[in-house]
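**Q** Use the sequences and the hints to build the structure in full.
Residue numbers (the numbering used here), protein chains in the order written: chain A, 1 to 322; chain B, 1 to 281.
Be aware that a few hints might be false.
[What the hints assert, rightly or not] Derived list of chain B stretches under chain A, where covered just means 3 residues or more per stretch with a C-beta under 8 Å from a C-beta of chain A:
| id | stretch |
| --- | --- |
| 1 | 18–27 |
| 2 | 30–43 |
| 3 | 99–106 |
| 4 | 121–130 |
| 5 | 149–161 |
| 6 | 211–224 |
| 7 | 247–254 |
[Stated by the list, open to error] Straight-line C-alpha distance at most 20 Å; calculated SDA-like pairs for lysine to any residue:
| id | chain 1 | residue 1 | chain 2 | residue 2 |
| --- | --- | --- | --- | --- |
| 8 | A | Lys54 | B | Leu132 |
| 9 | A | Lys268 | B | Ser236 |
| 10 | A | Lys54 | B | Leu153 |
| 11 | A | Lys268 | B | Val220 |
| 12 | A | Lys84 | A | Thr271 |
| 13 | A | Lys54 | B | Asn135 |
| 14 | A | Lys54 | B | Pro122 |
| 15 | A | Lys84 | A | His62 |
| 16 | A | Lys54 | B | Val114 |
| 17 | A | Lys54 | B | Thr133 |
| 18 | A | Lys54 | B | Leu124 |
If you're looking for bench data, these hints aren't it; they were derived computationally from the structure.
No residue lacks a Cβ here, since even glycine has one placed at the ideal position from N, Cα and C.
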Amino acid sequence: MDAVEVVARTPADQRPPVPAPVQPRRRRREGTPYLLALPTLLVLAGLLGYPIVKMIVLSFQHLTLRDLWTGRTPPWAGLDNYRKVLSDPLFWTVVTRTLGIATVCVVLSVGIGLAVALLMRRVSGWVRIVITVAMMLVWSMPQLVSTQVFLWLVDTNWGVLNWLIDMIPGVDFTNHSWFVDPVQGWTVIVALVVWGAVPFLAITLYAGLTQVPREVVEAAVVDGAGPWSVFRHVTLPFLRQLLGIVTTLSVIWDLGLFTQAYVIRSSKPETDYYTLAIYAYQKAFVISDYSLGSAVSILMVLGMLGVMAFYVRQMFRIGDAD
Amino acid sequence: METVQVGRSRAATVAFNLVGIAFAAVISFPVYWMINTALKPANEVLTLTPQLIPAHPTLANFTSALHAPNFLADLRNSLVVTLGAVAGGLVVGFLGALAIARFRFYGRRALVLVILIVQMVPLLALLIPVFLTLNRFSMTDTLIGVILTYLILVLPYTVWMLRGFIIAVPRELDEAALIDGCNRWQTFYRIILPLTGPGLVAASIYGFIQTWNEFIIINVLNHSADKQNLMSWLASNQTLQETHWGPLMAGATLTSLPVVIFFLLIQRHVAAGLTAGAVKG
Numbered sequence: 001m002d003a004v005e006v007v008a009r010t011p012a013d014q015r016p017p018v019p020a021p022v023q024p025r026r027r028r029r030e031g032t033p034y035l036l037a038l039p040t041l042l043v044l045a046g047l048l049g050y051p052i053v054k055m056i057v058l059s060f061q062h063l064t065l066r067d068l069w070t071g072r073t074p075p076w077a078g079l080d081n082y083r084k085v086l087s088d089p090l091f092w093t094v095v096t097r098t099l100g101i102a103t104v105c106v107v108l109s110v111g112i113g114l115a116v117a118l119l120m121r122r123v124s125g126w127v128r129i130v131i132t133v134a135m136m137l138v139w140s141m142p143q144l145v146s147t148q149v150f151l152w153l154v155d156t157n158w159g160v161l162n163w164l165i166d167m168i169p170g171v172d173f174t175n176h177s178w179f180v181d182p183v184q185g186w187t188v189i190v191a192l193v194v195w196g197a198v199p200f201l202a203i204t205l206y207a208g209l210t211q212v213p214r215e216v217v218e219a220a221v222v223d224g225a226g227p228w229s230v231f232r233h234v235t236l237p238f239l240r241q242l243l244g245i246v247t248t249l250s251v252i253w254d255l256g257l258f259t260q261a262y263v264i265r266s267s268k269p270e271t272d273y274y275t276l277a278i279y280a281y282q283k284a285f286v287i288s289d290y291s292l293g294s295a296v297s298i299l300m301v302l303g304m305l306g307v308m309a310f311y312v313r314q315m316f317r318i319g320d321a322d
Numbered sequence: 001m002e003t004v005q006v007g008r009s010r011a012a013t014v015a016f017n018l019v020g021i022a023f024a025a026v027i028s029f030p031v032y033w034m035i036n037t038a039l040k041p042a043n044e045v046l047t048l049t050p051q052l053i054p055a056h057p058t059l060a061n062f063t064s065a066l067h068a069p070n071f072l073a074d075l076r077n078s079l080v081v082t083l084g085a086v087a088g089g090l091v092v093g094f095l096g097a098l099a100i101a102r103f104r105f106y107g108r109r110a111l112v113l114v115i116l117i118v119q120m121v122p123l124l125a126l127l128i129p130v131f132l133t134l135n136r137f138s139m140t141d142t143l144i145g146v147i148l149t150y151l152i153l154v155l156p157y158t159v160w161m162l163r164g165f166i167i168a169v170p171r172e173l174d175e176a177a178l179i180d181g182c183n184r185w186q187t188f189y190r191i192i193l194p195l196t197g198p199g200l201v202a203a204s205i206y207g208f209i210q211t212w213n214e215f216i217i218i219n220v221l222n223h224s225a226d227k228q229n230l231m232s233w234l235a236s237n238q239t240l241q242e243t244h245w246g247p248l249m250a251g252a253t254l255t256s257l258p259v260v261i262f263f264l265l266i267q268r269h270v271a272a273g274l275t276a277g278a279v280k281g
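**A** So this is what it looks like as structure tokens:
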């Protein structure tokens with residue numbers, strides 16, 4: 001991770017498109033990329049394109065379980081599904097909650113990630129290795145497993161967290177249940193999400209920090225800049241692009257939050273613990289209203305497309321995606 | 001880094017070191033607690049004062065996890081499904097990555113765009129039509145259906161990761177091989193394929209981790225308990241035996257072990273792929 005360099009464009013990309021060196025092959029070569037991309041295109045079209053089209057159609061139909069088994073074409077429903085979703089007060093509660101939780105998660109994880117990255121610059125080499133190893137362990141944990149471990153940590157009767165809080169004088173947390181009050185429950189879930197997200201952010205941002213040229217920092221210090229203005233006016237501008245990308249990725253991941261909230265409620269989340277993804281899942285696979293679930297999924301993906309477009313634009317701007 | 005910099009005192013470094021160690025201890029505690037619990041006999045798991053170190057470490061929890069119903073069947077399914085999806089993703093992905101990395105063709109930008117976006121769309125949002133389609137072809141409750149679905153999970157990132165590795169192979173090598181009489185396809189498998197070896201390893205490990213960790217999709221597509229994978233097995237164990245924390249943590253340790261090992265091998269490629277060259281780590 002030491003040989004880090006800003007790569008605006010790889011040398012191979014920088015060259016203008018080279019005319020084919022061996023002229024006679026030119027005609028054949030024009031077909032080659034399509035042939036190579038064909039399997040990818042087939043998989044994308046068959047396993048992604050077709051389902052998407054089907055889902056859009058489905059969201060305008062009314063598919064019942066009986067249609068599923070008899071194979072009858074489900075009746076046309078027009079905008080009924082969308083109307084039903086958009087007039088469901090729970091939907092709007094869930095949308096607000098998903099946005100709110102995602103905001104909290106993103107702010108906390110990017111903030112802590114950046115703080116840890118800065119910390120890693122300041123500590124001795126061996127401490128940096130300890131931090132890195134700890135973060136790798138956390139990063140590699142499967143989401144399901146880490147959720148189960150957190151559930152055990154906050155267990156009502158035998159959890160370590162209750163025992164630890166109980167040690168504070170005057171606080172009684174014996175047999176405290178963390179999921180009765182959704183605010184407390186969500187605190188646990190947010191902690192879990194942030195815990196899982198910080199390693200990627202910190203390690204990536206640290207790699208970015210090592211690209212900030214030392215001379216520039218030293219020049220700023222010589223010119224009388226304090227630590228804060230060095231960070232604000234030197235480090236941050238260098239890091240801006242990378243921060244943009246990792247923040248966008250975090251937004252996308254946190255808006256799609258499912259596993260942690262779903263598993264921590266033992267696969268039977270109360271409506272207080274619904275995120276948009278869980279809401280869609282429940283509609284489709286628990287009450288078998290596939291059409292309604294499709295409508296919710298489509299609304300969700302449409303909402304996220306804006307953020308995704310932002311990410312893709314950044315990737316193209318770096319030039320690496322080009 | 002022994003050079004003392006302006007405004008950096010030794011005392012401050014000690015203080016920062018302490019903060020760093022404390023941070024590392026706090027974030028790795030859950031992982032430690034999982035292993036710690038897994039190694040404890042039942043009577044030490046449920047104690048009012050949690051014990052930081054097992055007094056009588058035992059592997060009993062691991063044995064009981066291994067002998068739990070369907071563990072072996074679901075382990076086998078995990079391997080089949082993972083290998084199937086990764087192998088498929090690797091073959092298809094390598095060809096696709098070649099096209100994107102080595103050629104400029106009409107529609108290339110659109111393809112890159114689709115791959116970047118698909119990588120981010122939560123697959124869960126597409127699960128409904130996938131389920132209905134597989135259901136129509138009687139492919140629910142089969143491993144083939146799951147492999148096909150996982151292919152979509154694996155492919156975009158595989159293409160993207162391999163693309164980065166292929167770009168790193170100098171074009172001059174292709175050209176030299178062409179001049180020496182190779183045809184276009186020979187340069188692919190004689191020059192580019194061997195040189196992207198590490199990339200193929202990294203991409204397959206990443207694909208392995210993604211599919212190994214997945215449990216919602218397989219749970220929706222397959223209803224039989226012996227057609228699940230290990231993660232799904234673990235999820236169902238949680239709801240079945242909520243208070244049996246020892247065996248549950250042992251199962252959790254077992255299922256995450258391969259992931260942790262593999263992940264440590266390829267970590268830097270994962271970060272580089274997600275930020276696409278903004279940082280080359």
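**Q** Flag every earlier hint the structure violates by its number, smallest first.
**A** none
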